[in-house]
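Participant: First residue of the sequence shown: 565, per my numbering; consecutive thereafter.
Be aware that one or more of the hints could be misleading.
Simulated DEER-style distance windows between Cβ atoms [what the hints assert, rightly or not]:
| # | residue 1 | residue 2 | range |
| --- | --- | --- | --- |
| 1 | 641 | 664 | 21 to 27 Å |
| 2 | 659 | 589 | 18 to 24 Å |
| 3 | 591 | 687 | 17 to 23 Å |
| 4 | 660 | 639 | 33 to 39 Å |
| 5 | 677 | 600 | 31 to 37 Å |
| 6 | 586 | 687 | 33 to 39 Å |
| 7 | 678 | 645 | 14 to 20 Å |
| 8 | 690 | 616 | 31 to 37 Å |
| 9 | 641 | 662 | 24 to 30 Å |
| 10 | 639 | 591 | 19 to 25 Å |
| 11 | 587 | 610 | 14 to 20 Å |
| 12 | 669 | 599 | 29 to 35 Å |
| 13 | 702 | 671 | 18 to 24 Å |
Dumping the calculated EDC-like pairs for lysine to aspartate or glutamate here, alpha-carbon to alpha-carbon at most 16 Å [as the list claims (entries may be wrong)]:
| # | residue 1 | residue 2 |
| --- | --- | --- |
| 14 | 606 | 631 |
| 15 | 606 | 595 |
| 16 | 606 | 633 |
Everything labelled a hint here was simulated from the structure, so no lab data went into it. Where a beta carbon is used, it is the ideal one built from N, C-alpha and C, also for glycine.
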Amino acid sequence: SGQVGPPGSGTSKFSGFSGSLPSDTENFIVDGGGMAVTTGEKGNLILDYDGVIERVTLVSDLQGSMEIDIWKRNQNVPLPANTITGTNYPALVNQRYASTTNFSGWSTTTITSGDVIEFYVISNTTITRATVALCIRRV
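Produce the complete structure using the sequences and hints provided.
Facilitator: Pasting the structure below:
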């Protein structure tokens with residue numbers, strides 16, 4: 565039977581467990597306040613568990629094009645040098661929904677407890693609000 569540590573502990577113990585470990589979806593909303601989202605840093609997520617990014621999904625309020633870079637650094641604010649996407653940015657291309665499991669060119673998809681994830685909008689056309697969803701399998 566699986567045991568999960570206390571809330572906020574960042575620990576999970578799965579003994580005698582067969583099958584896939586659970587996945588979580590971490591959602592981050594980029595909001596332009598009714599205007600087109602501007603380029604630049606949009607904010608952070610702090611993750612308190614170990615895992616592997618399995619899928620990145622973008623969903624927007626309006627049809628348009630947007631590229632988002634993802635930076636990652638453990639227990640510190642990420643900088644541009646901490647990009648994990650290389651130039652293979654999650655993107656919407658004249659659409660409202662896109663999902664990818666293609667991580668070619670990414671430096672890593674590994675998440676370590678304490679990682680700070682920063683979202684940086686590289687480009688945007690008309691989108692005023694978008695959700696970036698990271699599907700992360702716990703390890």
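Participant: Each hint needs a verdict: does it hold in this structure or not?
Facilitator: Here is what the structure says about each hint:
Taking 21 to 27 Å as the suggested C-beta distance range, the pair residue 641 and residue 664 conforms, at roughly 26 Å. At roughly 20 Å, the beta carbons of residue 659 and residue 589 sit within the given window of 18 to 24 Å. Between residue 591 and residue 687 the beta carbons are some 21 Å apart, a value that agrees with the proposed interval 17 to 23 Å. The hinted window of 33 to 39 Å between residue 660 and residue 639 holds, with their beta carbons roughly 35 Å apart.
Between residue 677 and residue 600 the Cβ separation comes to about 35 Å, which falls inside the hinted range of 31 to 37 Å. Evaluation of the 33 to 39 Å hint for residue 586 and residue 687 yields a pass: the beta carbon distance comes to about 34 Å. Residue 678 and residue 645 have their C-beta atoms about 18 Å apart, which keeps the hinted 14 to 20 Å range intact. The hinted window of 31 to 37 Å between residue 690 and residue 616 holds, with their beta carbons roughly 33 Å apart.
Range check, residue 641 to residue 662: Cβ separation about 27 Å, and the 24 to 30 Å hint holds. A hinted range of 19 to 25 Å for the beta carbons of residue 639 and residue 591 is consistent with their spacing of about 22 Å. The beta-carbon spacing between residue 587 and residue 610, approximately 18 Å, falls within the hinted interval of 14 to 20 Å. Between residue 669 and residue 599 the C-beta distance comes to about 31 Å, which sits within the given range of 29 to 35 Å.
Separation of residue 702 from residue 671 is about 21 Å and conforms to the stated range, judged on CB atoms against 18 to 24 Å. At most 16 Å may separate the alpha-carbon atoms for a hinted pair to count; residue 606 and residue 631 meet this at roughly 13 Å. About 9 Å separates the Cα atoms of residue 606 and residue 595, which keeps this hinted pair within 16 Å; it holds. Taking the CA atoms of residue 606 and residue 633, the gap is near 10 Å; set against the 16 Å cutoff, the hint holds.
Hint violations for this structure: none, all hints satisfied.
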